Amino acid sequence: MNEQPANWVDIAALEDVPKRGARLIKTAHGCVAVFRTGADEVYALDNACPHKQGPLADGIVHDKSVTCPLHNWVISLETGEVQGADEGQVATYPAKVVDGRITLDTAFLVRRAVA
Amino acid sequence: MTQRLIIIGAGMATGRALEHLLDAGADYDVTLFNAEPRGNYNRIMLSPVLSGEKTYAEIETHTAEWYEENGITCRFGEKIASIDRAAKTVTAENGDVLSYDKLLFGTGSNPFMIPLPGHDLEGVIAYRDLEDTERMMGLGPDNKCVVIGGGLLGLEAAAGMAARGVDVTVIHIMGHLMERQLDEAAGYLLRKALVDKGITVKCSANSKEILGENGKVRALLLDDGTELPCDLLVMAVGIRPNTKLAQDAGVAVGKGIHVDDQMCTSDADILAVGECVEHDGAIFGLVAPLYDQAKVVAKTLMGDEAQFVQKELSTKLKVTGCDLFSAGDFAEGEGREDIVFRDPARGVYRRLVLEDNVVVGAVMYGDTADSNWFFGLIREKTDVSDMRETLIFGPAFQGGGASDPLSAVAALPRDAEICGCNGISKGEIEDAIAAGSGDLAAIKASTKASASCGTCTGLVEQVLAVTLGDDFVIPAAASICGCTDMTHEDVRRMIKSQKLTSMPAVWQECGWKTSCGCHVCRPALNFYLLADWPLEYQDDPQSRFINERKHANIQKDGTFSVVPRMWGGITTPDELRAIADAADKFEVPTVKVTGGQRIDLLGVKGEDLPAIWDDLNKAGMVSGHAYSKGLRTVKTCVGTDHCRFGTQDSTGLGIKLEKILWGSWTPHKLKLGVSGCPRNCAEATCKDIGIVCVDSGYQISIGGAAGMDVRETVLLCQVPTEEEVVDVIKAVTQSYRENAKYLDRIYKWMDKVGLEWIQETVEDLDTRAALVERFDLSQTIYRKDPWAQHVAKAETYQPLADLTLEAAE
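One line per chain: the protein sequences are Y and X, in this order. Sequential numbering of the first sequence, starting at 13, is according to our numbering. Sequential numbering of the second sequence, starting at 29, is according to our numbering.
Since the hints were made in silico from the structure, they are not lab data. Values in this document were obtained by computation on a predicted structure and should not be read as measured data. Worth double-checking, as some hints may not be accurate.
Think about it this way: if two alpha-carbon atoms lie no more than 20 Å apart in a straight line, the pair counts; the simulated EDC-like pairs of lysine to aspartate or glutamate are [claimed, not checked]:
#: 1; chain 1: Y; residue 1: Lys38; chain 2: X; residue 2: Glu635
#: 2; chain 1: Y; residue 1: Lys38; chain 2: X; residue 2: Asp636
#: 3; chain 1: X; residue 1: Lys541; chain 2: Y; residue 2: Asp75
#: 4; chain 1: X; residue 1: Lys472; chain 2: X; residue 2: Asp513
#: 5; chain 1: Y; residue 1: Lys76; chain 2: Y; residue 2: Asp98
#: 6; chain 1: Y; residue 1: Lys38; chain 2: X; residue 2: Asp830
#: 7; chain 1: Y; residue 1: Lys31; chain 2: X; residue 2: Glu823
#: 8; chain 1: Y; residue 1: Lys31; chain 2: X; residue 2: Asp567
#: 9; chain 1: Y; residue 1: Lys38; chain 2: X; residue 2: Glu823
#: 10; chain 1: X; residue 1: Lys821; chain 2: Y; residue 2: Asp111
#: 11; chain 1: X; residue 1: Lys821; chain 2: Y; residue 2: Asp28
Given the sequences, and given the hints that come with them, work out the whole structure.
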């Protein structure tokens, strides 16, 4: 196992992402979308719908899901799994809120780069 | 030979009697007197008018045209002074003497005013007619109102005013509300529901005196010394048959005007109907027996046999959110047994009173779905001994297994009442179906069933399904989405009537099943709330589709397209240069002319949007809203300026309309076209709203489309001046905003409400002006250039963080 220690990085204030909204994070291997739910949970997912790579950060966030703006696929923010009759999964990354700040585990992002 | 019929009173009973007479082809010359300065309206629907769920126009049952078409002489606003039975004449207040062959009393009832000291002060009213309703509607959130009377009428008045934000207190002399229809337990639940609506309720309260100041009401004083300040005091403590005229004429009168089973009074040529009569010791306040009487009185006037029979009555309260039903007699007594069911968590209460294994009374609160079935048991005097154990749970639990609602309807006898408002039985609906009425609309038109309050619509549909079998499929009322069982129409009604001004309020009050809606319902709710409450509501960008959130059209690769406004399709070399410069600077791959005569810059990166807007703003251009459920474009031809056929300044009108309408949100996209002559170069007749200029003025037509459906517009009206064009279009647009379902184009809305309704709406100058005013008000808040506003928050279009370095480590 090539386990790397967690590397939590402070990204931004929670308020920088609107409630029931998302913002993008640039990485060397494409964009990750950081979502904030109505209950102030944060989630990080690849910014591409498994259907036609729709930009998930531009979708409508409801409960713990996001609806892709291109063809209305609904994706679970918790698992990245596509909901309903459609199939597919989006990669998810550890994210949490600490003292009102959004932090991401960049170790996972690095692994995403090598994968 | 034609006989003269004089009717005194244009109320619900005489209105219905007139209809029956006309249906039967009666040979009467009818003169109709009415003390109120108007014709017949549905008085039982004043409560929804008060709460804002309906308008007066919606409850008017007979229009001036109707009376005219049917040759009825109307003398509205006039009272009868006296009647000379020997000479068979009536004398009107102005001294006119008219003779009659038959006279019909429909004088209704007077509200009973408690003769408290101060009852004649200004601001002390009853709840009886449209004037009273309007007085209550005139109160605002800063006003206080006291309602004396915790019965049906008083509570509907209180709830209606509370829905408008008025501070309302209900004073009731008895220990619990609606004590004639409810027992204590149901009264408690009702009281709790009203208190939750912000209404203060005081039971066992005795009024002592109405206090005034300068001749106007100031407060109500109770006999325990409490003073309740108020700007208006509504007395809703009961009604008394209005018998004075009959009494003066020497007709036999008791509590009401005495009538026999044929509705004849003690004078064979004088008949009476409605709330003013006393039949077999009873007087009448609910609508169903009035309509039965109307049927009988019409038959009698036709010389046909008919007999009025009193039936068991049921009561429902017309207060949104208070589901209450009561029927029969529920007093306790020797030999009577009770079956009670309570579910405190759901706020449900049911009580049945049995005597000799027959249900004699029922009270239900919170869940009244089975009320018709129980009411049937009461009226049929069904022996319930076989189903006693499960009786309280309703028809679904009788005879093993959940029963099919259709078989329950199939089992109803022909005289079972389906529509309580109009007294229509199952048999009458079956007859109408046999005569060719094959759907709900036809049944409504031919029998009036479900045409009043509409609560029996489901039952009528079930009768249709039972009678027609597979030929009729009950239309499932489609809910907005999986978050709710309510339809768009239900939710719009709730938003208006309950004054829900935020999305959490809608989720809560309408029982949303999800924590915060979904991508289907939230954009709809966001629109409904901003359309209905432009001042109170805060627009929610997170409930808008990305196009409206980022003010550009998302493309398949996640880039956006940007369309600046070109008013009426006119541009200048400077604007074209600015567009060309922007296209160069932001490496726009495709520049295209749109179907609406605008220029589209396709393929702009999301993070570049604020910068390209800024450049276009600097050249004087604003967003074309080419992405919005709102005004898109006004397409024009060249009109009189250059065209040899053009009439009127069609280009100028197009520009003017676009400058007035831009930035307005609508249920779906809104496109206009203005053509200068019937050659129609702007293709105005396939737009949502089209204007074709002609020599004599402007033809305005609506309901066109050239999308998934291709539709030609239909003529709405022709007007002579540009000013009127502008007003009519503002009014139509506002009516569409206020009434249509989200994502319905104008043509779909028009198919639902009917062109005639829209025509009536904009042709009535008062209604038109009110719509224009509300449109203008909304524009003061919502007509902002989103590009200019969003440039200021350009950073939110940038990535939140750049981890390219860290990820590469």
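Hint check:
{"no.": "1", "hint": "Y/Lys38 - X/Glu635", "verdict": "holds (12 Å)"}
{"no.": "2", "hint": "Y/Lys38 - X/Asp636", "verdict": "holds (15 Å)"}
{"no.": "3", "hint": "X/Lys541 - Y/Asp75", "verdict": "holds (11 Å)"}
{"no.": "4", "hint": "X/Lys472 - X/Asp513", "verdict": "violated (25 Å)"}
{"no.": "5", "hint": "Y/Lys76 - Y/Asp98", "verdict": "holds (17 Å)"}
{"no.": "6", "hint": "Y/Lys38 - X/Asp830", "verdict": "holds (5 Å)"}
{"no.": "7", "hint": "Y/Lys31 - X/Glu823", "verdict": "holds (17 Å)"}
{"no.": "8", "hint": "Y/Lys31 - X/Asp567", "verdict": "holds (14 Å)"}
{"no.": "9", "hint": "Y/Lys38 - X/Glu823", "verdict": "holds (14 Å)"}
{"no.": "10", "hint": "X/Lys821 - Y/Asp111", "verdict": "violated (25 Å)"}
{"no.": "11", "hint": "X/Lys821 - Y/Asp28", "verdict": "holds (12 Å)"}
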